[in-house]
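> Taking the hints into account, I'd like the entire structure generated from these sequences.
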Amino acid sequence: MSNSEGALKLYGEKCSKLLEESEIRFAGIVDKDGQLISGGFKEGLIPHEGDETRLQSFLEFVSKASIRKEYDESLGPINYLAARRDKAVLVSFPFPITQILLLISAEPTANIENLAKKVVEIFTDVN
Numbered sequence: 050m051s052n053s054e055g056a057l058k059l060y061g062e063k064c065s066k067l068l069e070e071s072e073i074r075f076a077g078i079v080d081k082d083g084q085l086i087s088g089g090f091k092e093g094l095i096p097h098e099g100d101e102t103r104l105q106s107f108l109e110f111v112s113k114a115s116i117r118k119e120y121d122e123s124l125g126p127i128n129y130l131a132a133r134r135d136k137a138v139l140v141s142f143p144f145p146i147t148q149i150l151l152l153i154s155a156e157p158t159a160n161i162e163n164l165a166k167k168v169v170e171i172f173t174d175v176n
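All letters in the sequence shown, in the order written, are residues 50 to 176 by the working numbering.
A couple of the hints might just be wrong.
Using C-beta positions, here's what the derived DEER-type ranges look like [stated by the list, open to error]:
| id | residue 1 | residue 2 | range |
| --- | --- | --- | --- |
| 1 | E119 | G93 | 38 to 48 angstroms |
| 2 | P145 | G55 | 18 to 28 angstroms |
| 3 | Q105 | F144 | 12 to 22 angstroms |
| 4 | G125 | E92 | 32 to 42 angstroms |
| 5 | S123 | K58 | 29 to 39 angstroms |
| 6 | Y120 | K58 | 33 to 43 angstroms |
When the alpha-carbon atoms are kept at most 27 angstroms apart in a straight line, the in silico DSS-like pairs for lysine-lysine are as follows [claimed, not checked]:
| id | residue 1 | residue 2 |
| --- | --- | --- |
| 7 | K91 | K136 |
| 8 | K166 | K81 |
| 9 | K81 | K58 |
| 10 | K81 | K91 |
| 11 | K167 | K91 |
| 12 | K58 | K91 |
| 13 | K81 | K118 |
| 14 | K166 | K118 |
| 15 | K66 | K91 |
| 16 | K166 | K66 |
| 17 | K66 | K167 |
| 18 | K58 | K167 |
| 19 | K66 | K136 |
| 20 | K118 | K167 |
| 21 | K91 | K166 |
| 22 | K81 | K66 |
| 23 | K167 | K136 |
| 24 | K166 | K136 |
| 25 | K166 | K58 |
| 26 | K81 | K167 |
Keep in mind that the hints were calculated from the coordinates and are not lab data. Every residue gets a Cβ at the ideal spot worked out from N, C-alpha and C, and that includes glycine.
Shown next as structure tokens:
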């Protein structure tokens, strides 16, 4: 198994672990081009109408935003970006070294800080 295959398997396992959380609807790893490379929607979950299309455009937006570095020196790197909507909470976590990011979509009642802690717990060994 090549390094990248091993990494994808590891990301898949970690996304599955996140999907065990009741509030999380989607957990996926996206490459720098905004393409989903691992993870996805919770099994048996019916995405909101148009979710997948909107998700794709959100992925592209977030991957561009997360890679930007102009404020890193003064404010530090981005830990995560979060958007709270009426029907969902969207949170992305960039992994700058590998130039990928984790995107989570959760129920609107989700606590963003708690989600962030959970992600850090599960993804600690990933850079």
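> Now tell me if each hint is right for this structure.
Outcome of the hint check:
Hint check: E119 to G93, Cβ distance near 42 angstroms, so the stated range 38 to 48 angstroms holds. Hint check: P145 to G55, Cβ distance near 20 angstroms, so the stated range 18 to 28 angstroms holds. In this structure the supplied range 12 to 22 angstroms holds for Q105 paired with F144, their Cβ-Cβ distance being about 20 angstroms. For the hinted restraint 32 to 42 angstroms between G125 and E92, the CB-CB distance of approximately 37 angstroms keeps it satisfied.
A hinted range of 29 to 39 angstroms for the beta carbons of S123 and K58 is consistent with their spacing of about 38 angstroms. Take Y120 and K58: their Cβ atoms lie about 34 angstroms apart, and the range 33 to 43 angstroms holds. Our distance criterion of 27 angstroms between C-alpha atoms is met by K91 and K136, whose separation comes to about 16 angstroms. A C-alpha spacing of about 24 angstroms is found between K166 and K81, which places the hinted pair at or below 27 angstroms, so the restraint holds.
For the proposed pair K81 and K58, the alpha carbon gap of about 18 angstroms is at most 27 angstroms, so the pair holds. Taken as a hint, the K81 and K91 pair is honoured in the structure, with Cα atoms around 23 angstroms apart against an allowance of 27 angstroms. This hinted pair checks out: K167 and K91 have alpha carbons roughly 17 angstroms apart, not beyond 27 angstroms. At roughly 17 angstroms between alpha-carbon atoms, K58 and K91 fall within 27 angstroms of each other, so this suggested pair holds.
Using a Cα cut-off of 27 angstroms, the hinted pair K81 and K118 holds, with the two alpha carbons roughly 14 angstroms apart. Our distance criterion of 27 angstroms between C-alpha atoms is met by K166 and K118, whose separation comes to about 23 angstroms. A hinted pair counts as satisfied when its Cα atoms are at most 27 angstroms apart, and K66 with K91 qualifies at roughly 11 angstroms. Simply put, K166 and K66 have alpha-carbon atoms about 14 angstroms apart, close enough for the 27 angstroms limit, and the pair holds.
A distance of roughly 10 angstroms separates the Cα atoms of K66 and K167; the hinted pair therefore holds under the 27 angstroms criterion. Proximity of K58 to K167 is assessed by CA-CA distance (about 19 angstroms); at most 27 angstroms being required, the pair is judged to hold. Of the supplied pair hints, the one linking K66 and K136 holds, its CA atoms being roughly 23 angstroms apart against a limit of 27 angstroms. Using a Cα cut-off of 27 angstroms, the hinted pair K118 and K167 holds, with the two alpha carbons roughly 25 angstroms apart.
Distance hint between K91 and K166 is fulfilled; the C-alpha atoms sit about 20 angstroms from each other, no more than 27 angstroms. Between K81 and K66 the CA atoms are separated by roughly 23 angstroms; this keeps the pair inside 27 angstroms, and the hint holds. Annotation: proposed proximity of K167 to K136 holds, straight-line Cα distance about 21 angstroms (limit 27 angstroms). Taking the CA atoms of K166 and K136, the gap is about 22 angstroms. The hint holds against a cut of 27 angstroms.
Between K166 and K58 the alpha-carbon distance is near 22 angstroms, which keeps this suggested pair within the 27 angstroms criterion. Taking the CA atoms of K81 and K167, the gap is near 23 angstroms; set against the 27 angstroms cutoff, the hint holds.
Comparing the model with each numbered hint stated earlier shows that all of them hold.
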